[in-house]
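Top line first, the protein sequences correspond to chains A, B and C. Residues 1 to 442 in my numbering are what the first sequence spells out, letter by letter. Residues 1 to 299 in my numbering are what the second sequence spells out, letter by letter. Residues 1 to 283 in my numbering are what the third sequence spells out, letter by letter.
If you are wondering where the hints come from, they were derived from the structure by calculation, not from laboratory data. One thing to keep in mind: the hints can contain errors.
Claimed, not checked - Chain C stretches covered by chain B per the calculated footprint, using a threshold of three residues with CB under 8 Å from any CB of chain B:
| no. | region |
| --- | --- |
| 1 | 19-29 |
| 2 | 34-44 |
| 3 | 76-90 |
| 4 | 119-128 |
Said to hold, decoys possible - Ranges between beta-carbon positions, derived for each pair:
| no. | chain 1 | residue 1 | chain 2 | residue 2 | range |
| --- | --- | --- | --- | --- | --- |
| 5 | C | Thr-112 | A | Val-20 | 48 to 58 Å |
| 6 | B | Asp-149 | C | Pro-57 | 24 to 34 Å |
| 7 | B | Leu-215 | A | Val-19 | 42 to 52 Å |
| 8 | C | Thr-112 | B | Phe-193 | 56 to 66 Å |
| 9 | B | Ile-282 | A | Tyr-196 | 25 to 35 Å |
| 10 | A | Gln-190 | B | Arg-60 | 30 to 40 Å |
| 11 | B | Thr-284 | A | Asn-316 | 21 to 31 Å |
| 12 | B | Thr-105 | A | Lys-433 | 50 to 60 Å |
| 13 | A | Gln-190 | B | Ile-106 | 44 to 54 Å |
| 14 | A | Val-72 | B | Thr-284 | 25 to 35 Å |
| 15 | A | Gly-416 | B | Thr-105 | 16 to 26 Å |
| 16 | A | Val-19 | C | Ile-83 | 49 to 59 Å |
All residues carry an ideal CB built from backbone N, CA and C; glycine is no exception.
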Amino acid sequence: MAEKVSRRKYLWAVGGVVVVAVVAGAGYYAYEATKPKGPITIHQTIHAVDPNEQFGKMTEKWNAAHPNVQLVQYKGSTTGGAVADYHRAQVEMAQAKSPELDIFNLDVIWGAEFGENGWAIQLDDKFPESERADFIPPMIDAWTWKGHIYAVPWMTDIGGLWYRKDILDDEGIKVPAEGWEWVEFFGIVQDLKKKYPDMDGLAIDNARSEQLLCNWQEFLASNGADFFDENGLIRINDSVAVEALQTMVDMVQKYKICHAATLTGDLDIARALFVDQGKSLFHRNWNYVWGTSLSATSKVKGKIWVGTLPHHPGHNSAHCNGGWSWSISPGSKNPEETWEVVKFLTSKETMKAMMIGGGFTQARLSLVNDPDVAKVVPIFPAYVDLYKTGTIRPKIVQYMAVSDIEQPYIHAAVSGTKSPKDALDGFAADLSKFLGVGISKA
Amino acid sequence: MAKARYERVYPYLYFFPALFFAAIFVLFPALQTVYASFFYLRVNVPSPQNYMFVGFENYRILFSDQRFYNSIMNSLIYTLSSVFGIFLLSLITALVANESFRGRTIYRACILIPWAVANVVASQQWKYLYQPGFGLVNWLLYWLGLVSDPNTYNLLTHPTAAMLGLIITNVWKSAPFVALILLGGLQSIPDDFYEAAKVDGAGPWRRFRSLTLPLLVPYINIGLLFAGLVAGTVIDIVYVITQGGPGNATEVMPLYLYRVYFWSWDFGVAGAFSTFMVVFSILTMILLIRSLVKYLLKA
Amino acid sequence: MKGSKGPAIPSERASRVLLWVGILATGAFYLVPYLWMVLTSLKSNPEFYASPPVVFPANPDFFRYVNVFFASNFFPTLRNSVIVATITTLVTLAAVIPASYALVRFQMRGRTTLLLLFLALMLFPPISFLGYLFTLVRFFGVFDNIFGVILPYIALGIPLGIWVLTSFIKSVPVELEEAALVDGAGRFEVLRKIVLPLTAPGIAAAALIIFITAWNEFTIALTVTLYAARTVTIGVVLFMGLYTINWGELTSAAVIASLPVVIAAIIAQRLIVRGLTAGAVKG
Chain A
1 MAEKVSRRKY LWAVGGVVVV AVVAGAGYYA YEATKPKGPI TIHQTIHAVD PNEQFGKMTE
61 KWNAAHPNVQ LVQYKGSTTG GAVADYHRAQ VEMAQAKSPE LDIFNLDVIW GAEFGENGWA
121 IQLDDKFPES ERADFIPPMI DAWTWKGHIY AVPWMTDIGG LWYRKDILDD EGIKVPAEGW
181 EWVEFFGIVQ DLKKKYPDMD GLAIDNARSE QLLCNWQEFL ASNGADFFDE NGLIRINDSV
241 AVEALQTMVD MVQKYKICHA ATLTGDLDIA RALFVDQGKS LFHRNWNYVW GTSLSATSKV
301 KGKIWVGTLP HHPGHNSAHC NGGWSWSISP GSKNPEETWE VVKFLTSKET MKAMMIGGGF
361 TQARLSLVND PDVAKVVPIF PAYVDLYKTG TIRPKIVQYM AVSDIEQPYI HAAVSGTKSP
421 KDALDGFAAD LSKFLGVGIS KA
Chain B
1 MAKARYERVY PYLYFFPALF FAAIFVLFPA LQTVYASFFY LRVNVPSPQN YMFVGFENYR
61 ILFSDQRFYN SIMNSLIYTL SSVFGIFLLS LITALVANES FRGRTIYRAC ILIPWAVANV
121 VASQQWKYLY QPGFGLVNWL LYWLGLVSDP NTYNLLTHPT AAMLGLIITN VWKSAPFVAL
181 ILLGGLQSIP DDFYEAAKVD GAGPWRRFRS LTLPLLVPYI NIGLLFAGLV AGTVIDIVYV
241 ITQGGPGNAT EVMPLYLYRV YFWSWDFGVA GAFSTFMVVF SILTMILLIR SLVKYLLKA
Chain C
1 MKGSKGPAIP SERASRVLLW VGILATGAFY LVPYLWMVLT SLKSNPEFYA SPPVVFPANP
61 DFFRYVNVFF ASNFFPTLRN SVIVATITTL VTLAAVIPAS YALVRFQMRG RTTLLLLFLA
121 LMLFPPISFL GYLFTLVRFF GVFDNIFGVI LPYIALGIPL GIWVLTSFIK SVPVELEEAA
181 LVDGAGRFEV LRKIVLPLTA PGIAAAALII FITAWNEFTI ALTVTLYAAR TVTIGVVLFM
241 GLYTINWGEL TSAAVIASLP VVIAAIIAQR LIVRGLTAGA VKG
């Protein structure tokens with residue numbers, strides 16, 4: 001009898017819980033549906049670190065002026081500087097045509113991919129040619145796919161050779177406008193290191209990451225080499241490319257001008273060595289270095305400047321073009337209002353305010369010679385000039401896959417565990433297999 | 001008669017909630033993964049070939065990939081070495097924690113610390129410790145005379161040293177959990193057993209080998225099963241510290257799997273890879289499972 | 001084992017020395033990386049990258065802890081994690097206790113299959129699930145919602161809980177239960193009044209394991225949340241950006257995030273050990 005009673009009690013209890021749960025759930029959804037519609041909320045993803053809270057300030061400005069269209073920005077997570085995580089999160093949202101995220105924050109290398117898959121709204125009529133002319137051309141180019149434009153550039157990244165102006169001036173050395181030749185540069189660095197024994201030569205982030213490939217691109221293109229030839233065949237393992245990789249490997253292994261931790265450390269390490277420690281003569285990086293050099297913890301305030309990267313004999317220097325752009329989600333419930341937000345954030349006034357406030361480097365050409373900006377960021381003209389001798393990573397839909405195949409080979413070469421020829425031959429073979437494209441016989 | 005039928009169904013009611021959750025959020029995606037392995041799917045290429053049935057083509061692609069075999073080798077080295085290291089460290093830790101000494105509570109708290117920190121965070125910290133110049137480990141090695149210049153020697157750029165570094169971090173992270181299990185096992189051995197052995201004249205080593213160790217076997221099995229599982233399927237440590245480098249020298253199976261999923265976005269081949277990994281794990285653990293299940297079902 | 005008297009036999013004394021070597025070596029190994037993290041959280045630039053490494057910061061910055069704790073992208077994640085981990089633990093236990101009991105005591109057909117099925121599910125690399133989990137969570141309408149995090153965590157915790165509890169339940173003598181059954185108690189009453197109290201240490205152990213897993217988990221939480229339901233581990237990692245890493249804030253956040261777990265572990269650990277010593281009846 002006791003058995004039957006407790007069993008029945010148990011079943012009633014379970015049944016009761018289920019009924020309560022269902023009723024509560026139904027009631028909740030009904031309540032949500034009858035709530036009066038509030039202001040439209042636009043959701044945007046931004047970088048995890050917001051220098052001088054410029055994004056925060058701009059959002060406040062917009063929200064104050066637009067009580068019916070509120071902007072909510074949240075920081076994208078990158079698990080320690082891995083651009084791939086940010087990519088994954090946004091691809092998942094785009095693919096699901098999510099209404100939860102309206103404005104995407106996208107790297108230039110994803111332009112072909114997002115365009116091809118329709119993961120961003122075409123902005124042709126909203127963002128006409130006349131408007132596009134004021135933005136850094138390689139970035140516009142990265143986001144133009146099959147005749148349509150899919151995003152508006154906001155942050156420009158151009159690889160540059162940062163240097164300690166104070167030390168170079170003392171030594172009477174000037175960075176040539178067309179850049180040194182690589183081997184010449186290594187020699188100069190080694191000589192300087194003899195005079196300043198506790199300084200590193202060149203701080204450059206060479207850990208196994210996308211950043212490594214940006215650096216590699218600069219060696220590659222400055223020797224006239226490329227991934228594909230004019231027929232679309234793979235030529236990444238031809239003699240000029242191997243030569244270029246050999247130069248990069250020599251920099252690390254033979255001339256030893258890089259701090260050992262830059263082969264494996266976090267993305268921020270080279271900059272920290274250059275700015276926070278003040279222990280590096282040269283530094284290869286994007287422009288955010290300038291902003292950090294002005295902070296309270298910087299040891300190089302007013303002592304640094306940017307110049308042309310070195311090149312191989314007989315070729316021009318190549319500065320890798322990167323940067324970030326805003327795109328609108330194909331599943332956004334309020335594309336028109338979202339566009340207004342994007343227009344606001346990329347307007348000349350907002351971009352100027354963000355730069356003067358110490359934020360990221362904005363991508364508008366007309367700001368370059370603006371006197372107000374020049375007061376706060378005097379380096380801007382010298383920096384932006386570098387894009388003219390720029391190079392880009394391959395603009396293909398499956399660039400991330402290519403990057404994943406490429407990274408281990410380049411990193412193995414730079415770490416000294418594979419010869420440049422073996423590394424590039426291996427990469428070419430894998431690339432050929434993946435893309436179904438032949439290798440050039442030249 | 002209704003009662004008899006009810007009696008048979010009744011035990012399964014106990015199971016129902018657990019099964020329900022597991023079915024939806026684990027079994028269903030698992031089945032989807034296996035199902036996907038027989039189809040072509042490139043998530044980031046709008047090709048007409050997507051969702052087409054391709055039979056074992058994905059498996060063929062996988063098995064002709066050199067990097068795949070490289071990842072298997074790395075996984076074996078990483079997992080087996082980690083499990084071995086975890087076994088040693090957790091056993092020593094549990095034995096130590098089982099003794100009574102001044103400060104035992106503090107010691108037991110210290111044991112729990114690696115377990116308390118999240119994987120990605122702990123890995124970030126260890127990565128920092130392994131760097132040349134400002135990393136503590138290099139200076140320790142220098143102090144021990146194993147490294148001549150702590151500013152230029154980078155252990156993470158040498159394949160073997162990098163793998164060793166990853167294994168040490170993994171051991172640090174997983175040993176506490178296993179030690180706790182073993183401690184529970186040790187605590188369940190009554191003192192009289194030891195007293196009797198001591199009376200019989202058995203020294204500490206003899207007591208350990210013939211008395212403690214055999215009684216601990218089921219606990220060791222469970223502990224190492226979990227440890228092996230974590231080492232074999234979790235990527236956080238490798239992902240953060242070396243990203244699989246130098247080159248691909250430390251790229252373990254789950255890390256390459258992650259890349260096939262979310263860099264190449266080839267869900268077909270990734271599905272085949274996942275299925276392979278499960279079969280592989282089952283086969284390598286089948287001995288351990290059999291003995292464990294036999295013990296658990298001893299009615 | 002009592003240890004207040006010094007051992008007289010040489011082998012015993014040697015093993016005492018060995019014990020202390022073991023205590024210090026293993027204790028230092030576990031503690032040093034964490035201590036280093038705590039020390040780093042008090043340092044300021046340029047001490048992070050100083051060579052040789054700076055052990056004690058010149059001007060320890062304790063206020064950083066206050067700033068980080070209340071940081072707008074950290075505090076909500078702390079709150080979310082408390083809710084998520086607690087609910088996950090409670091619901092998982094509620095599901096797992098009857099299931100483990102049934103697995104051990106009932107003569108069910110397909111018992112071995114179920115056990116092996118749970119194990120096989122655990123062997124699936126969690127990475128494979130991410131894409132499908134994203135779709136599933138959206139399907140149930142709980143994307144970027146605390147329940148979107150809790151539901152997968154429960155599914156994750158169930159195999160763990162079952163494996164831990166089955167061994168503890170096994171150690172409860174069957175005779176006690178059979179005596180109660182003969183006296184006319186129902187199966188469920190037996191579970192409630194006899195088995196549960198005796199397996200309390202096992203339940204505490206399972207609760208601890210599930211809580212810590214739910215608290216520290218990262219990849220799944222990252223997949224199923226956007227910003228509103230983010231958990232504390234994501235909150236910590238957010239101090240690392242694509243361009244700069246705030247080491248001081250990062251390590252402070254990591255220390256704050258680890259404290260609840262350390263405290264929970266210390267409390268539960270005492271329960272487990274006390275229960276085990278009291279309830280051990282073998283032979």
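Review point. That 21 to 31 Å hint for Thr-284(B) and Asn-316(A) (C-beta), does it hold up?
Key: violated (55 Å)
Practice item. Can you let me know if the beta-carbon spacing of Ile-282(B) and Tyr-196(A) is within 25 to 35 Å? Key: For Tyr-196(A) against Ile-282(B), whose Cβ atoms are near 59 Å apart, the range 25 to 35 Å is violated.
**Study point:** Coverage claim, chain B over the region 19-29 of chain C, checked by counting residues with Cβ within 8 Å (three needed)
**Key:** holds (count 7)
Point to revise | Leu-215(B) paired with Val-19(A), Cβ distance criterion 42 to 52 Å | key: The hinted range 42 to 52 Å holds for Leu-215(B) and Val-19(A), with Cβ atoms some 49 Å apart.
Exercise for review: Look at the Cβ atoms of Gln-190(A) and Ile-106(B) and judge whether their distance stays inside 44 to 54 Å.
Suggested key: holds (52 Å)
Exercise for review: Note whether the CB distance of Thr-112(C) and Phe-193(B) lies within 56 to 66 Å or breaks it.
Suggested key: The hint (56 to 66 Å, Cβ to Cβ) is violated, given that Thr-112(C) and Phe-193(B) are roughly 32 Å apart.
**Study point:** 8 Å C-beta test of the region 34-44 of chain C against chain B, three or more residues
**Key:** holds (count 4)
Review point. Taking 8 Å as the C-beta cutoff, is the stated coverage of the region 119-128 of chain C by chain B satisfied by three or more residues?
Key: holds (count 10)
Exercise for review: Given the range 16 to 26 Å, decide if the beta-carbon distance of Gly-416(A) to Thr-105(B) lies inside it.
Suggested key: violated (49 Å)
**Study point:** Cβ separation of Val-72(A) and Thr-284(B), checked against the hinted range 25 to 35 Å
**Key:** Violated, at about 48 Å.
**Study point:** 48 to 58 Å as the expected CB spacing between Val-20(A) and Thr-112(C), which holds or is violated
**Key:** Violated, at about 36 Å.
Check your understanding: Could one say that the CB atoms of Thr-105(B) and Lys-433(A) fall in the range 50 to 60 Å?
Key -> Given range 50 to 60 Å: holds, Cβ gap about 59 Å.
Hints 3, 5, 8, 9, 10, 11, 14, 15 and 16, counting from the list given before, are not met by this structure.
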